[in-house]
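Start from the sequences, fold in the hints, and give me the full structure.
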Amino acid sequence: MARSIANISQQELAKRASLNRSYISLIESGDRNATTETLEKIAAAMDIPTHLFTLLAVEESDNAAIGKEQIHSLGVALAELLLHSK
Numbered sequence: 175m176a177r178s179i180a181n182i183s184q185q186e187l188a189k190r191a192s193l194n195r196s197y198i199s200l201i202e203s204g205d206r207n208a209t210t211e212t213l214e215k216i217a218a219a220m221d222i223p224t225h226l227f228t229l230l231a232v233e234e235s236d237n238a239a240i241g242k243e244q245i246h247s248l249g250v251a252l253a254e255l256l257l258h259s260k
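Each residue of the sequence shown is one higher than the one before, starting from 175 at the first, in our numbering.
Hints were generated in silico from the structure; no laboratory data involved. These figures come from a predicted structure and were not determined experimentally. All C-beta atoms in this analysis are idealised placements derived from N, C-alpha and C, irrespective of residue type, glycine included. Take the hints with a grain of salt, since some may be wrong.
To be verified - What follows is a set of in silico ranges between Cβ atoms, one per label pair, in the way DEER data are often shown:
{"hint": "1", "residue 1": "N194", "residue 2": "T224", "range": "17 to 23 angstroms"}
{"hint": "2", "residue 1": "H225", "residue 2": "S178", "range": "18 to 24 angstroms"}
{"hint": "3", "residue 1": "S247", "residue 2": "S192", "range": "28 to 34 angstroms"}
{"hint": "4", "residue 1": "N181", "residue 2": "L226", "range": "18 to 24 angstroms"}
{"hint": "5", "residue 1": "L248", "residue 2": "G204", "range": "17 to 23 angstroms"}
{"hint": "6", "residue 1": "S247", "residue 2": "G204", "range": "19 to 25 angstroms"}
{"hint": "7", "residue 1": "H258", "residue 2": "S196", "range": "25 to 31 angstroms"}
{"hint": "8", "residue 1": "N194", "residue 2": "L248", "range": "28 to 34 angstroms"}
{"hint": "9", "residue 1": "E243", "residue 2": "E211", "range": "29 to 35 angstroms"}
{"hint": "10", "residue 1": "T228", "residue 2": "N194", "range": "19 to 25 angstroms"}
{"hint": "11", "residue 1": "S192", "residue 2": "E243", "range": "32 to 38 angstroms"}
{"hint": "12", "residue 1": "K189", "residue 2": "L248", "range": "27 to 33 angstroms"}
{"hint": "13", "residue 1": "S196", "residue 2": "Q244", "range": "20 to 26 angstroms"}
{"hint": "14", "residue 1": "T224", "residue 2": "H246", "range": "20 to 26 angstroms"}
As structure tokens, then:
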């Protein structure tokens, strides 16, 4: 979500984070789980603090008390705030 809001391609993010573009794709599609080290690299490449970046990855199953639409809305708002406040 943050990558698309920042209008950064997978290739550009991979370059900034020193990762393979296909690995970024696998993480985004949910086919791979990122390690803490990988999340730190991606967050640094996006210039977002790691602890806030991980909030963008919250899914509906992570919190049954909040709906999918609310999670998405909060994630978009947080990403926009972080990416456009620089």
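Which numbered hints are broken by the structure, listed smallest first? 13
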